[in-house]
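Chemist: Next come the chains, spelled out residue by residue.
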Amino acid sequence: MDQFTLNLIVVGITFAIYIGIAIWARAGSTAEFYAAGQGVNPIMNGMATGADWMSAASFISMAGIIALAPVGGYTQSAFLMGWTGGYVLLAMLLAPYLRKFGKFTVPEFIGDRFYSKTARLVAVLCLIVISVTYVVGQMRGVGVTFSRFLEVSTDTGLYIGAAVVFAYAVLGGMKGITYTQVAQYIVLIIAYTIPAIFISLSLTGNFLPQLGLIGSYAPQGGEISMLAKLDQVVTELGFTAYTADTTNMFNMFLFTMALMIGTAGLPHVIIRFFTVPKVADARSSAGWALVFIALLYTVAPAVGAMARLNLTTTFWPGAKEGSALSAPALSLADIDSKPELSWINTWKATGLLEFSDKNGDGLIQYFNEPKALADANKKLADANKALADAAADADKAPLEAAVAEATAARDAALAEAKLGDKTLAELGFVGNEVTKVDNDIMVLANPEIAALPGWVVALVAAGGLAAALSTAAGLLLAISSAVSHDLMKGALTPNISEKGELLAARISMAFAIALATWLGLNPPGFAAQVVALAFGLAAATIFPALMMGIFSKRINTAGAVLGMLAGLVFTSVYIFLYLGWFFIPGTNVYPNTPDQHFFGISPLSIGTIGAVVNFVVAYVVSMATKAPPQHVVDLVESIRVPKGAGKAVAH
Amino acid sequence: MADKSSANAYWAANVRIILISLAVWFVCSFGLGILLRPALKGIMVGGADLGFWMAQNGSIYVFIALIFIYAKMMNKVDREHGVEE
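Going line by line, the protein sequences match chains A and B. Numbering-wise (our numbering), the first sequence opens with residue 1 and increments by one. Numbering-wise (our numbering), the second sequence opens with residue 1001 and increments by one.
Treat each hint with caution, since some may be false.
[To be verified] Restricting the straight-line Cα-Cα distance to at most 20 angstroms, the calculated cross-link-like pairs of lysine-lysine (PhoX-like) are:
#1 K358/A <-> K348/A
#2 K1004/B <-> K117/A
#3 K643/A <-> K1072/B
#4 K1004/B <-> K278/A
#5 K1004/B <-> K643/A
#6 K371/A <-> K358/A
#7 K1041/B <-> K643/A
Hints were generated in silico from the structure; no laboratory data involved. Because the structure is a prediction, the values reported are computed rather than measured.
Turn these sequences into a full structure, and let the hints guide you.
Modeler: Listed below in structure tokens is the structure:
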């Protein structure tokens, strides 16, 4: 059976399971639609939260983001700590009290606690910006995964994905989504860990990838640790050491914090804790969620480090047991003839891996060009292009002179730059010949690099789709409940019947899917930046508002609204300064480079400062204005104690 | 809720446990994983230095333990103050 048929069968089976579950768990009431009737066991809820939280980015990209970062793998630990540490904040600062509050949505709590429709609408605005931003990336992930494994176009993949999400999210609501996510979690975690276990076994002899990360390097008889081997190999090739210290500790600190409080402030994560039966379950459910998330997040750094080592020793066979430059680089002849290297051409065809034999020696040299050489090579390429593009009758003499000059400059750079104790000129290298290694390849190509059977490859495809679909469904639910419950029932049409509201929720979800699909088909070319905005806004608006609403009886309407708006404006303006106003290219005030950032704070990390701004503004304004009325003080006192939680109030 | 002072005592107990937990949370992730890493290079966890390991694996285990310990302690505090469900 060929790989394509196998992929189709495995993905088809998983989809049939998801839709089957959705039909079995149809939602009949708004309580079931928004919060699964508050009847979900905390372990199941934890598993569903894990699938909800782990997106296509976690599954496909994160290991590569860590493994291939030019600053080294250690600095990228911010993602690992940031995307897990937020659950501690959720479990202690938000989840139990919001469950006790006992209603369905985040804006609803903000509206009641700050006794203001304005506060509720500001929260709806923040929620919709955050969730729509996020869901576009997921729909894109679905499209890309489909196109890669099922040989359809990205657009067709998107339509299929949208149809599947529509079927189970619109039908089942939170109840259908929750049980589908449990199945999706199982698929994605198996798909992630199987290749990781095999790679860990072959490189370190450890069955558990978590132990492999700190284990010794087996091909050299265990005399050197895996990480030391990785550091040795990459530094020999001119890259930054994998375990190198961060060059900007302050920014790493702020970035980690922004991801943590951003995680705790993401509405689609928070609403998961409305679905459990009791307040005590909300606490333990956060713990279970983190257990299931950790199964992937503790494996990811091992996958990253080992895949990077595998990739490097593949291109430099001498590195397997000695120094990288002790043997010639991988030859094109080997790539074309050896079956165990066939994955290189497979992934070259997808464009995720690119290489070219620049010096024509039949070998592919993979190394990090020093900046001077990289600049000289770029100038030479530009000069060559100008010459090639020149009109036939143009005067080519000055262009040819420019090429000759650029070539001389490049040769001078080659004579200067060293790898080990030899200059590149002596080695005969002209530049790095592996021109692209996409982050995603670290996970997607893993089964083939480890020579695992075809069904494992198919499982990785199903896992990537499960990760993207489950996150998309959770986000769509958060959006539809904000529209139907907070906007329509809460503000526009308060007399709507339960049946009407349920219909409105389904229609708004269908509309949200259509919008997300459209945005996925016409992606604003800045997916990575908008995700920064989503986390920054969640950190700077929703998290502080919720926390102050629970831990302070003194914060009032004016404080909360102005605090949220201050956090919103401060954070988005700082991001826009570097990434362009509303992300329109070319409208940025400063270039987005580390030396231009205020105090070295990157736009990704600014949410932490935005949260501080929110807290300070809310406190100062509240102190200067009237204390909240008695019924609000009573509300705060009641959510602080678990007793009397009961079922959700539909009001 | 029996009376106001008992509610206040319950809340104070909760806040105290949260503060201790968050101190551990901070020291393990931001402290050992980021700020103190250069100073603790000599301490190894297998093939990784302590700071690297805490940042990539260790702090996640601590987070899990913290949440379950918090949940357990709060269940006890809930019962002591008679506010359990």
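Chemist: All hints, please: hold or fail.
Modeler: These are the hints, each one checked on the structure:
no. : hint               : in the structure
1   : K358/A <-> K348/A  : holds (16 angstroms)
2   : K1004/B <-> K117/A : violated (30 angstroms)
3   : K643/A <-> K1072/B : holds (16 angstroms)
4   : K1004/B <-> K278/A : violated (23 angstroms)
5   : K1004/B <-> K643/A : holds (14 angstroms)
6   : K371/A <-> K358/A  : holds (18 angstroms)
7   : K1041/B <-> K643/A : violated (48 angstroms)
Hint violations for this structure: numbers 2, 4 and 7, all remaining hints satisfied.
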